[in-house]
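Number of protein chains: 2
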Amino acid sequence: MIPESLLIGKIRRFLPEDAGLKKGIGDDAAVLPLDKKHYLLLAVDTIVDGVDFRMAEAKPEHVGRKALAINLSDIAAMGGQPCYALVALGIPTGLSYFWIRRFYTGIKKLAKEFNTAVVGGDLSRSKEFFASVTVAGEVEKNKVVLRDGAKAGDSILVTGSLGGSLAGKHLTFTPRVREAACLVKYFKISAMMDVSDGLMRDLDVLMKESGKGACVFTDSIPVSRACTLKKALCDGEDFELLFTASPAEAKKILARKEGLLGTPVQRIGMVTAKPGIYFKEKETDTKVFKLSWKGYEHF
Amino acid sequence: MIPESLLIGKIRRFLPEDAGLKKGIGDDAAVLPLDKKHYLLLAVDTIVDGVDFRMAEAKPEHVGRKALAINLSDIAAMGGQPCYALVALGIPTGLSYFWIRRFYTGIKKLAKEFNTAVVGGDLSRSKEFFASVTVAGEVEKNKVVLRDGAKAGDSILVTGSLGGSLAGKHLTFTPRVREAACLVKYFKISAMMDVSDGLMRDLDVLMKESGKGACVFTDSIPVSRACTLKKALCDGEDFELLFTASPAEAKKILARKEGLLGTPVQRIGMVTAKPGIYFKEKETDTKVFKLSWKGYEHF
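These protein sequences, in sequence, are chains S and D.
Going by numbering that gives the first Met the number 0, the letters in the first sequence line up with residues 0 to 298, in that order.
Going by numbering that gives the first Met the number 0, the letters in the second sequence line up with residues 0 to 298, in that order.
Keep in mind the hints are simulated off the structure, nothing from the lab.
Note that the structure is predicted; figures quoted are calculated from it, not measured.
Any given hint might turn out to be false.
Pairwise CB distance ranges (calculated) [stated by the list, open to error]: (1) S95(D) to L290(S): 49 to 59 Å; (2) P274(D) to R53(S): 41 to 51 Å; (3) G25(D) to F186(S): 38 to 48 Å.
Simulated crosslink set (DSSO-like; lysine-lysine; CA at most 27 Å straight-line) [unchecked claim]: (4) K9(D) to K108(S); (5) K108(D) to K9(S); (6) K168(S) to K256(S); (7) K140(S) to K250(S); (8) K58(D) to K126(S); (9) K35(S) to K187(D); (10) K21(D) to K35(S); (11) K126(S) to K168(D); (12) K126(S) to K126(D); (13) K230(D) to K279(D); (14) K140(D) to K36(S); (15) K21(S) to K108(D); (16) K21(S) to K35(D); (17) K229(S) to K286(S).
We treat Cβ as the ideally placed atom computed from N, Cα and C, and that holds for glycine.
Pulled out of the complex, with its shape left as it was, chain S reads as follows:
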């Protein structure tokens, strides 16, 4: 079976690029012309029972919440604001209306919190439950942040802490929409994405899109409570913001005592001209090493 990253690469090369797009396949969301001052953002993400959650264990409200939240996280990763959501469901025979209603309760609550209107959807019969949510958002043209803008010497930063997803956070996390809005409003961010497949894998993607590499300081990784460094680097579904900024901008961001609206920000490494992800135990070390740990391959 072909891994997801390879398959996306193949599909991306197979489909023609539209010259009118700012960004198509290969970022958290597609960036499309909207008006003089704004881009339209479109993102879709699917969760499947048994892969992204377990119906037998998860609260329906949490499943609904997650189905929307992962998409709000994608819009946030572009520096944008979500506006509208479409919800397409695959519903197995025998699933009760009560379950579906609780699922929508989870969606409704999170949608309200982030000013997102659920404007449509689709219901299909299927063997296993799945939810494919599309979110449309917008971003000011001079504030959009892509994955390909990291420059050698930039600082690498991350919000919150990493590695807590398997302890249930992946069902209840708060998408970093407000934090991202604060970042692009007050600072110049060179590249950004959300951490969905683990820091190791996602940092590799971010650097490859930018044609750069990275040196990560392991003592600076914000490891979640009761979690190991390996989990913090490799477990998926943190949904924190991973971004780069010039050292001067990074300094300004880190100087904010309150972090980003209360969410801590940590500088975890530096962008390098040389490709590949390398590690130091701390920044001042001269010894550089590689780690063979892999991120989460959810496919």
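Starting from the structure of chain S, add chain D where the hints point.
Quick look at chain D alone, frame taken from chain S:
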């Protein structure tokens, strides 16, 4: 198990309406503010193996084509032009890259024909194959056609012929985007939708949204070759345009010898103030009857 139409009604009442929308849940596509002259249209539709097609029998190119075409049909039903597509796939273990590539070939070809750029998507692991496609389109504000505008006395019209879907047409049909564009450009259409669940069911939906009823002339139904009236009325997935217009406008449309860009148009009945769908064998008959045949419940 709750039927789809009831479930959509429940979900629609459960989710809050956004005052800024022209139209949310309950039409072929959501109609959202875009710019001074245009609305943004968003539609999503999913096909599932074993429900909407059979992987063992269908060509992958046809499956890809259908996944996009049903959404282009939704945009057409609003009088709009499709612009962008997102493709979310559920991929079972063991499905070959060769199959997926052929699936995308079907999407790519149809997307090109209708000037639609595939700008993103999502791949998930799943037990059964599904494709959930979202299309964003646009429509001039004074040309958008909703489901709720039919007036008593309006003529009811339909493009093409009905009932051929099970003979394979549902995999290869051409969405009526160009015909709809021609309709809204030259004529005043009061209500429109695409026929996806069978004329009986969809006409009922269209009339209910408009708070009206209909009288259908059975001798005027454009029945597909080698097909019965019952199939033409009840089989789903015709993807023809079902629309209403004042008698004067309908006359002008029917006077076009070439139909709509070569596609025939047929007047099949009249909108009535009285709710319910009634039938006459021919328009001049006085005898009115009801039919208990039901459309396709794909859920």
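Results for each hint:
1. S95(D) to L290(S): 49 to 59 Å: Hint violated: Cβ distance 33 Å, outside 49 to 59 Å.
2. P274(D) to R53(S): 41 to 51 Å: holds (45 Å)
3. G25(D) to F186(S): 38 to 48 Å: holds (42 Å)
4. K9(D) to K108(S): holds (17 Å)
5. K108(D) to K9(S): holds (17 Å)
6. K168(S) to K256(S): holds (25 Å)
7. K140(S) to K250(S): Since the Cα atoms of K140(S) and K250(S) sit roughly 25 Å apart, the hinted pair holds (cutoff 27 Å).
8. K58(D) to K126(S): Judged against 27 Å, a Cα distance of about 22 Å means the pair holds.
9. K35(S) to K187(D): Distance of about 31 Å is beyond 27 Å: violated.
10. K21(D) to K35(S): holds (22 Å)
11. K126(S) to K168(D): holds (25 Å)
12. K126(S) to K126(D): holds (8 Å)
13. K230(D) to K279(D): Since the Cα atoms of K230(D) and K279(D) sit roughly 18 Å apart, the hinted pair holds (cutoff 27 Å).
14. K140(D) to K36(S): Within the cut-off at roughly 21 Å; holds.
15. K21(S) to K108(D): holds (23 Å)
16. K21(S) to K35(D): The hint holds at about 22 Å.
17. K229(S) to K286(S): holds (19 Å)
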